[in-house]
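Chemist: Now for the letters of each chain:
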Amino acid sequence: MSMHSISLTINGKKFEGQAEARKLLSDFIREDIGLTGTHVGCEHGMCGACTVFIDGVGVRSCLTFAVQADGTSIETVESLAKDGKLSPLQEAFWENHGLQCGFCTPGMLICAEELLRENKNPTEQEVRLAISGNLCRCTGYHHIVLSILAAAKKLQGAAQAA
Amino acid sequence: MQQPQPRTQEVTGIPGDGALGARYVGAAVKRLEDPRHLRGGGRFVPDIVLPRMLHAAFLRSPHAHARLAAIDVRAAQALPGVEGVLVGADLTALVKPISPRSRLKEFKATRLPPLATEKVRFVGEALAMVAATSRYVAEDALELIDVEYAPLPPVVDMEAAMLPESALLHEELPDNLIVARHFRAGDCRRAFAEAAHVLSARFTTQRHTAAPLETRGAVADSAPGGGRLTLWTSTQIPHLLRTGLAEVLGLPETQVRVVAPDVGGGFGIKGHIFPEEVTLCAASRLLGRPVKWVEDRREDLTSSIHAREHIYEIEVATDGRGVILGLRARIVVDVGAYHVWPWTAAMEPLMAGGFLPGPYRISNYDAATYGVATNKCPVGPYRGVARPASTFAMECTIDLIARRLDLDPAEVRRRNLLTPEEFPYTSASRLVYDSGDYPACLETALRHLDYAEERRRQEELRRQGRCRGIGLACYVELTALGSASPSGPGLEENPASDAASLEMDPSGKVAAKFGITSHGQSLETTLAQVVADEVGVRLEDVTVHQGDTDVSPYGMGTFASRAAVIGGGAAMLAGRDLNAKLRRIAAHLLEANPEDLVLHRGQVYLKGQRQPLLQLAEVARAAYFLNKKLPRDLEPGLTATRYYDPYEGTASNATHAAVVEVDLATGDVSIVKYLVVEDCGKVINPVVVEGQVWGGVAQGIGGALYEHLRYDEHGQLLTASFMDYLVPSAMEMPETDIVHLETPSPHTLGGLKGMGEGGTIAPAGAITNAVNDALRHLGVVLTDLPLTPERVHAALRRASRGA
Numbered sequence: 173m174s175m176h177s178i179s180l181t182i183n184g185k186k187f188e189g190q191a192e193a194r195k196l197l198s199d200f201i202r203e204d205i206g207l208t209g210t211h212v213g214c215e216h217g218m219c220g221a222c223t224v225f226i227d228g229v230g231v232r233s234c235l236t237f238a239v240q241a242d243g244t245s246i247e248t249v250e251s252l253a254k255d256g257k258l259s260p261l262q263e264a265f266w267e268n269h270g271l272q273c274g275f276c277t278p279g280m281l282i283c284a285e286e287l288l289r290e291n292k293n294p295t296e297q298e299v300r301l302a303i304s305g306n307l308c309r310c311t312g313y314h315h316i317v318l319s320i321l322a323a324a325k326k327l328q329g330a331a332q333a334a
Numbered sequence: 086m087q088q089p090q091p092r093t094q095e096v097t098g099i100p101g102d103g104a105l106g107a108r109y110v111g112a113a114v115k116r117l118e119d120p121r122h123l124r125g126g127g128r129f130v131p132d133i134v135l136p137r138m139l140h141a142a143f144l145r146s147p148h149a150h151a152r153l154a155a156i157d158v159r160a161a162q163a164l165p166g167v168e169g170v171l172v173g174a175d176l177t178a179l180v181k182p183i184s185p186r187s188r189l190k191e192f193k194a195t196r197l198p199p200l201a202t203e204k205v206r207f208v209g210e211a212l213a214m215v216a217a218t219s220r221y222v223a224e225d226a227l228e229l230i231d232v233e234y235a236p237l238p239p240v241v242d243m244e245a246a247m248l249p250e251s252a253l254l255h256e257e258l259p260d261n262l263i264v265a266r267h268f269r270a271g272d273c274r275r276a277f278a279e280a281a282h283v284l285s286a287r288f289t290t291q292r293h294t295a296a297p298l299e300t301r302g303a304v305a306d307s308a309p310g311g312g313r314l315t316l317w318t319s320t321q322i323p324h325l326l327r328t329g330l331a332e333v334l335g336l337p338e339t340q341v342r343v344v345a346p347d348v349g350g351g352f353g354i355k356g357h358i359f360p361e362e363v364t365l366c367a368a369s370r371l372l373g374r375p376v377k378w379v380e381d382r383r384e385d386l387t388s389s390i391h392a393r394e395h396i397y398e399i400e401v402a403t404d405g406r407g408v409i410l411g412l413r414a415r416i417v418v419d420v421g422a423y424h425v426w427p428w429t430a431a432m433e434p435l436m437a438g439g440f441l442p443g444p445y446r447i448s449n450y451d452a453a454t455y456g457v458a459t460n461k462c463p464v465g466p467y468r469g470v471a472r473p474a475s476t477f478a479m480e481c482t483i484d485l486i487a488r489r490l491d492l493d494p495a496e497v498r499r500r501n502l503l504t505p506e507e508f509p510y511t512s513a514s515r516l517v518y519d520s521g522d523y524p525a526c527l528e529t530a531l532r533h534l535d536y537a538e539e540r541r542r543q544e545e546l547r548r549q550g551r552c553r554g555i556g557l558a559c560y561v562e563l564t565a566l567g568s569a570s571p572s573g574p575g576l577e578e579n580p581a582s583d584a585a586s587l588e589m590d591p592s593g594k595v596a597a598k599f600g601i602t603s604h605g606q607s608l609e610t611t612l613a614q615v616v617a618d619e620v621g622v623r624l625e626d627v628t629v630h631q632g633d634t635d636v637s638p639y640g641m642g643t644f645a646s647r648a649a650v651i652g653g654g655a656a657m658l659a660g661r662d663l664n665a666k667l668r669r670i671a672a673h674l675l676e677a678n679p680e681d682l683v684l685h686r687g688q689v690y691l692k693g694q695r696q697p698l699l700q701l702a703e704v705a706r707a708a709y710f711l712n713k714k715l716p717r718d719l720e721p722g723l724t725a726t727r728y729y730d731p732y733e734g735t736a737s738n739a740t741h742a743a744v745v746e747v748d749l750a751t752g753d754v755s756i757v758k759y760l761v762v763e764d765c766g767k768v769i770n771p772v773v774v775e776g777q778v779w780g781g782v783a784q785g786i787g788g789a790l791y792e793h794l795r796y797d798e799h800g801q802l803l804t805a806s807f808m809d810y811l812v813p814s815a816m817e818m819p820e821t822d823i824v825h826l827e828t829p830s831p832h833t834l835g836g837l838k839g840m841g842e843g844g845t846i847a848p849a850g851a852i853t854n855a856v857n858d859a860l861r862h863l864g865v866v867l868t869d870l871p872l873t874p875e876r877v878h879a880a881l882r883r884a885s886r887g888a
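Protein chains in written order, with my numbering: chain A, 173 to 334; chain R, 86 to 888.
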């Protein structure tokens with residue numbers, strides 16, 4: 173099977189690699205780029221664990237071929253903490269017991285980050301709807317919802333302080 | 086990368102106000118495992134990469150029941166990138182079949198070869214494995230394997246499977262019955278003869294499963310030249326698995342190392358030895374290279390572990406007030422095609438019979454329970470093990486009594502619940518309940534729900550044509566099972582104890598090694614809380630090590646709501662030993678009495694004083710490097726290893742209440758409100774307990790309303806993806822309240838009770854009772870799970886036609 177050149181930006185750094193046309197972006201990120209924070213939970217787009225940003229939009233990397241990401245800019249969970257510090261969203265997950273086994277967490281964080289970029293003051297129902305495509309088997313979602321609402325408050329506080 | 090230091094929440098002031106007793110246990114400290122997971126830095130099996138590693142894929146049977154006539158793997162072997170293809174015959178000389186034993190009288194063993202040899206017995210059973218340079222190539226090669234199947238009649242219905250004319254799964258087993266047991270206590274004949282009312286009902290629960298977000302996966306690496314074998318695997322039971330692997334592979338146990346790295350959920354189903362793990366080990370030995378396999382979601386749903394397909398035929402005898410005089414049951418459990426190691430297929434049938442009486446006073450009991458083999462995925466422990474089904478049956482029976490005698494369902498429970506004066510109580514199935522206050526739990530639930538107001542609101546809504554219902558469910562859960570309360574009756578490998586091994590290094594930091602493992606339960610944190618308190622160090626000075634059999638003392642693993650109680654108990658014992666030795670050394674350095682010293686958060690104090698006398702790190706250095714200063718009989722080093730067997734175990738309990746509305750047009754059930762009042766004794770970390778309850782309730786709601794592994798009449802699984810197998814999302818989870826009651830166990834160290842499974846046990850009962858309550862005026866009674874809109878709507882149609 174022929175190989176295709178892929179050139180993209182990953183978490184702000186240039187990456188160049190080769191992949192078969194059928195290679196999933198999730199596998200490319202994990203195996204070729206070597207970032208294993210992006211998790212694969214179902215490989216059919218139903219669990220959301222593999223969600224990453226492609227050019228700022230949350231996308232299921234298991235439903236995307238690596239070749240489709242050629243020329244794009246990708247952000248994964250590894251990009252959220254800046255200068256060694258957890259982001260306010262990550263902090264909120266830590267403070268509100270927003271994770272148990274940690275497997276769904278990267279996808280949840282990306283999904284929540286996308287929500288908070290678009291909606292600074294979401295209601296509980298809006299948070300639930302936003303993460304309804306991301307499955308978690310450990311938490312029953314309650315503490316995840318609390319975490320995201322707490323992160324929104326933190327970010328509002330930071331915006332007012334600025 | 087700099088890791089942020091965990092901040093801990095102080096319980097009370099330290100030591101300024103003299104509160105040297107301030108403890109981590111009981112405080113909602115932030116989890117130590119979170120910073121790595123939040124950064125995407127967890128290390129799960131799929132993240133493991135080894136030099137020269139091959140990727141495996143398994144060929145699985147498309148038939149439920151067939152004889153394997155021929156397998157041709159030549160084309161697959163010839164595919165570039167394929168390094169090895171294995172079929173069952175390649176392994177028969179190398180590995181034994183998986184065949185758990187039992188001391189139960191009516192137990193018949195099955196033999197599961199790691200790759201099928203003569204027959205396949207369920208859709209999804211593995212019969213060949215390809216190892217290739219990538220998973221993509223391995224899957225290409227699967228398509229080139231040519232298998233000739235001779236289909237046999239599939240055995241799909243458990244009741245039909247017991248009939249003499251049924252086809253047989255295992256020719257040597259004449260009736261497909263692989264386990265059976267009869268529970269008898271008291272005098273049921275007399276109780277039923279004297280009863281004012283005898284009621285009967287049939288309840289069924291559906292096959293479903295844990296579906297952890299991380300599927301199963303393993304990497305086997307056999308050192309060349311017949312050296313040691315390492316298996317990294319997503320398991321809950323590293324040591325038990327090592328024992329099992331050594332046996333089937335014919336290796337000394339010292340030659341096998343099992344490592345469970347971060348595990349992305351297990352809920353019981355990862356507590357087994359799997360044929361795929363055995364095959365990977367054999368493949369690595371044969372090929373001399375590491376071999377990795379990560380299952381896909383389809384494999385998880387077809388071929389891992391299923392649970393909870395039960396039938397309950399119940400007869401209950403009561404007096405005129407609804408007090409239960411006797412209970413009879415016939416329980417049939419579909420256990421799938423094979424026993425599972427080490428639990429056997431007896432877990433579900435026996436626990437269903439053992440726990441059916443629940444928290445109620447039932448002394449006349451007569452229950453026969455059967456485990457029937459069918460051509461479906463094997464059944465094993467999944468969170469709650471049988472009790473979500475048995476509790477559903479019993480709680481629906483209680484509501485049946487209430488309906489027939491026109492009593493309030495809460496009142497029937499009140500009249501039958503065990504009271505605190507009756508503990509320790511030996512149940513009709515000879516289980517011992519140690520403590521708790523079941524009536525108080527019920528009353529607390531009614532109070533928090535504002536039961537009278539909910540009833541008033543229900544009437545009001547009914548007048549508006551809306552169908553709202555209130556449902557209750559109570560349960561008791563035996564947890565932290567010890568040697569006098571076997572987790573699986575008759576098991577050859579009875580997991581009754583666990584170990585903690587503590588080592589303080591010369592800098593005063595503690596490495597705490599446990600045989601139990603964490604797959605989301607927060608044990609890295611809660612065990613560190615216990616160790617820090619007992620030894621007298623700061624939380625951040627404790628590092629918990631789990632999951633590596635080369636590092637940890639032999640332990641049983643994490644399942645059956647045991648880890649915090651038994652691992653925590655072992656930590657208390659070892660922590661106290663280490664604390665005593667530290668005080669002895671410190672006493673020598675300070676020329677004081679060990680009894681007069683207190684160790685607290687890394688400092689040594691004289692009892693009653695607030696100024697520390699010495700850093701614990703100085704004591705630790707002395708233990709290793711200043712032996713000359715210490716008495717000759719004081720052995721150098723700072724380690725302590727202790728095992729803990731809670732012997733009787735301890736019983737947690739809870740009352741769940743559900744308020745639902747049923748849409749008559751669509752049959753859709755929506756949960757308006759959900760309440761949990763639970764008692765798990767002393768709490769180590771309240772937020773962690775809450776998280777476990779929430780998660781358990783979500784899985785219980787899934788089992789009540791959505792999740793169903795449906796097989797057709799040919800034994801094909803119709804729900805092998807998340808498109809068809811519906812697990813609850815954030816949108817399906819209702820507003821829930823959790824109330825904690827605390828009755829410390831008199832049977833365990835620290836008064837702890839297990840609680841990991843509890844949340845899952847009661848939702849099916851509470852929700853079904855609520856739905857039946859909502860539809861009572863229409864004459865609809867639902868007795869079969871799950872309560873899908875289709876099923877509710879059909880019942881409504883039947884009722885309206887009958888009317």
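Because the hints were derived from the structure by calculation, they are not lab data. Keep in mind that a hint or two might mislead.
Stated by the list, open to error - Label pairs and their in silico Cβ distance ranges:
| hint | chain 1 | residue 1 | chain 2 | residue 2 | range |
| --- | --- | --- | --- | --- | --- |
| 1 | R | Pro309 | A | Gly228 | 17 to 27 Å |
| 2 | A | Arg194 | R | Ala163 | 15 to 25 Å |
| 3 | R | Arg515 | A | Arg194 | 52 to 62 Å |
| 4 | A | Glu296 | R | Arg795 | 30 to 40 Å |
| 5 | A | Arg194 | R | Glu257 | 27 to 37 Å |
| 6 | R | Phe710 | A | Gln332 | 53 to 63 Å |
| 7 | A | Gly206 | R | Glu250 | 23 to 33 Å |
| 8 | R | Arg883 | A | Gln332 | 40 to 50 Å |
| 9 | R | Gln801 | A | Arg194 | 22 to 32 Å |
Unchecked claim - Using 25 Å as the maximum straight-line C-alpha spacing, the simulated PhoX-like pairs for lysine-lysine come out as follows:
| hint | chain 1 | residue 1 | chain 2 | residue 2 |
| --- | --- | --- | --- | --- |
| 10 | R | Lys692 | R | Lys666 |
| 11 | R | Lys115 | A | Lys254 |
| 12 | R | Lys115 | A | Lys326 |
| 13 | A | Lys254 | A | Lys186 |
| 14 | R | Lys692 | R | Lys594 |
| 15 | R | Lys594 | R | Lys713 |
| 16 | A | Lys254 | A | Lys292 |
| 17 | A | Lys185 | A | Lys292 |
| 18 | A | Lys254 | A | Lys326 |
| 19 | R | Lys713 | A | Lys325 |
| 20 | R | Lys692 | A | Lys257 |
| 21 | R | Lys193 | R | Lys181 |
All C-beta atoms in this analysis are idealised placements derived from N, C-alpha and C, irrespective of residue type, glycine included.
Chemist: Looking back at the hints listed earlier, which ones does the structure fail to meet?
Modeler: 1, 5, 7, 8, 17, 19 and 20
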